[in-house]
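S.K.: Let chain A serve as the given structure and place chain B on it in line with the hints.
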Amino acid sequence: MIAFNRYYNQFNILSIALVVLSLLFLVFKGLNFGIDFKGGTLIELRSVDNKINVSSLRDNLNQMNLGDISVKNFGNETDFLIKFENNNNKNVIEEIKINLEKSFGNNFNFRRIENVGPKVSAELLKSGVIAISVALAMMLIYIWIRFEWQFSFGAILALFHDVIVTLGLFSLLGLEINLSIIAAVLTIVGYSMNDTVVIYDRVRENLKKYSDIKIFELTNISINETLSRTLITSITTLLALLSIFFFGGEILKGFSLAMIFGVVFGTYSSIYIANTVLVRLNVSQKTILKEEDKN
Amino acid sequence: MLYFSKLRIFFIFLITLFFIVFASSNLFKLSNDLLKKKINLGLDLQGGSYLLLEIDNTPVIEQKLQNLTITIRNYFKEKNIRIKNLKLIDQKLSFSVEEKFKEKIIETFTDKESDLNPYYQRFKSHQLDIVEENDIFFINFSKQGIVELKISSQDQALEIVRRRIDEIGTNEPNILKRGNDRILVELPGLDDPMRIKSLLGKTANLTFRFITNNTEDSFGAEKLKYEDNDEEEVVSKRIILSGDNLLDAQPRMNNETNETVVSFTLDRVGAKRFGKATSTGIGKQLAIVLDGKIISAPVIRDTIASGSGQISGGFTFQSATDLALLLRSGALPAPLNIVEERTVGPDLGQDSIDAGMIALVIGFVLVIVFIFVKYKIFGLITNVALIINLFLLVGILTIFEATLTLPGIAGIILTVGMAVDANVLIFERIKEELNNEKNNLIAFDSGYTKSKTAILDANITTLLAAIILFFMGSGPIKGFSLTLGIGIFTTLFSVYFIARLLTVLYVSKNKEKEGLI
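Protein chains in written order, with this note's numbering: chain A, 13 to 307; chain B, 561 to 1077.
Chain A on its own, in the form it takes in the complex:
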């Protein structure tokens, strides 16, 4: 048996530090919102001519006065991603096409064009925030129905930890937040909850079985009993996600990366946050028996 409980304090301090750091990053550095949430135009280009590079493309587009424009390689040397805030210049895409053709010849393939107006992006951001809030609320309600309040508190704390730290990491690395990241965060919420519930299920079962074991020991027993399942499921999920990350194409990179972070944090938090909350709230056999008496 691994003595997970020996490090409860250390990891709690680590988690608090991570959450505080993440919040600091979120407040002071902020998130790198993509055009879905900020509005603007995105163009994915593929050039047939491999002499064309990012800087020549950037120089050329800078002459068009499109404002703050970002030009990057996207996945490989001949694919480019161009992003800029589009201030109501409606036919800008056509202008860019003409301009690029004039300077580089007919060497481009416009693979993807996205244009999101300010009103729509504001709505998308709002509905994203609502979706995550509703998801957290639903999880809270679900676990509240299934378990005692101490358990729900622990699970929700673990969820917040995972979401905040994942977003914090996105802020730190300056990774783009777009619609698919919202999907990833929601899936992380589901996954983290799932992991926590499996361990909690065992904790509750053990609480009924042993009246003489303290919660500090009991959580450790429960973690160990469910450990191989926790690891195997995390591994298979990570295998699937790594496969998406490496082979699923550029568009899914951000999504799968967010999920990979989320699965790692989710696994960690269901061991070190969800359980330590039970220890700190001094949950005992009485806690669950009291609830059952009431019913």
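Just so you know, these hints were derived from the structure itself, not from any lab.
No farther apart than 16 Å at their CA atoms in a straight line, the calculated lysine to aspartate or glutamate pairs in the EDC-like style are these:
hint, chain 1, residue 1, chain 2, residue 2
1, B, Lys639, B, Glu667
2, A, Lys131, B, Glu614
3, A, Lys265, B, Asp911
4, A, Lys109, B, Asp752
M.R.: Here is chain B on its own, set in the frame of chain A:
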């Protein structure tokens, strides 16, 4: 938990077969109607354009209030009430009357039978709100009046958008209402929406009006610019003909001038009016005005009674074709703005499909190998269930002809990764049970029973997340929540029916064997 009746096995077999057949129908071209069903590919996979159009209702409201000024004046004139200082400022009508008529005015506007101010029974609201402030009446649209107006202009705009897109003849366009002032257009297979965008961007409000030198024209006059240069003309506000009077419009080559023109045919009313106007107006210039710009202003040389004519204006064949198309399909009630556009080229779509499939196969193989190494014979059982799970998932998507997006493929891959969780929970539990229980059958049975709540909890939480995503998400994200959500049901089926059945068959043959798992 270990007993399966023959009937049950039969049904499990049947259901599995049923879905496998449907799932495979995606791979073949079958003529059978039932088996012709296929998963739809989202725009991000097959390539195409997604346009969200917003109707700008401001001019409509403006116009309605403008018309209302005339109506109000005439209405009260008949009743011998003099309306003073009738003005339209900031989408608000204001006027005043003599003190003794005030009550009558209020009464007219708040009467539920009012001709001037329709009452919507089901909303319990009038179309217009009236307030009196410092002896001045203010009239504007009520909240419900605006909603009604938006809905009606949305209906009209939808129809016109549909006609314009149908005229171009794109593949299975999808045109839907969104809210009460937006229209969603999905155009599969279209990789350059430039033409459609420019066609939808035009209101196509066509009028024929005389050019007048007299700014005191009784109908009023306005200065308008030409389409192709900055010259201005004073054009009467009296409308001789409008686009509504057109029966047909076609691009033509004028043989005499060698110019591309748009020839049009008028309806009966239009032909009559056109004949009259051209006979009384010989020598005058008739301006052809499209969306507030003069296309051309030919001098009338002869009476045109045939009800047909030509518009010239330095068109290319393309621009003449587009104008003819716009005229045929009619004018939009209000201008449309494109507030969101997402276009994916067909080769990126194909690349995404390829990448998604490679990721799926690799992810699948990795998971299968890992599980087999970990659980041996039971790993094999889990893997069989996993493969059937995948068929079920694809089969269900096919039956509902659901739309598969790139995030949707990610959802399927993720399902593969998470689906083994239930079997892992069960097998780990059985291992624990075997520590205390020597009888294989009993240990397996209680392993299944005791892991049930954890499995349900785990899947319900994921399902909740998927449901929220489905209702809150848009487009591709919906595709992700769909595959993730359906994946949960197929996972439970494959775990509790397929994997359990195979486990039972194996265990009952090896009752006495030790270290079974």
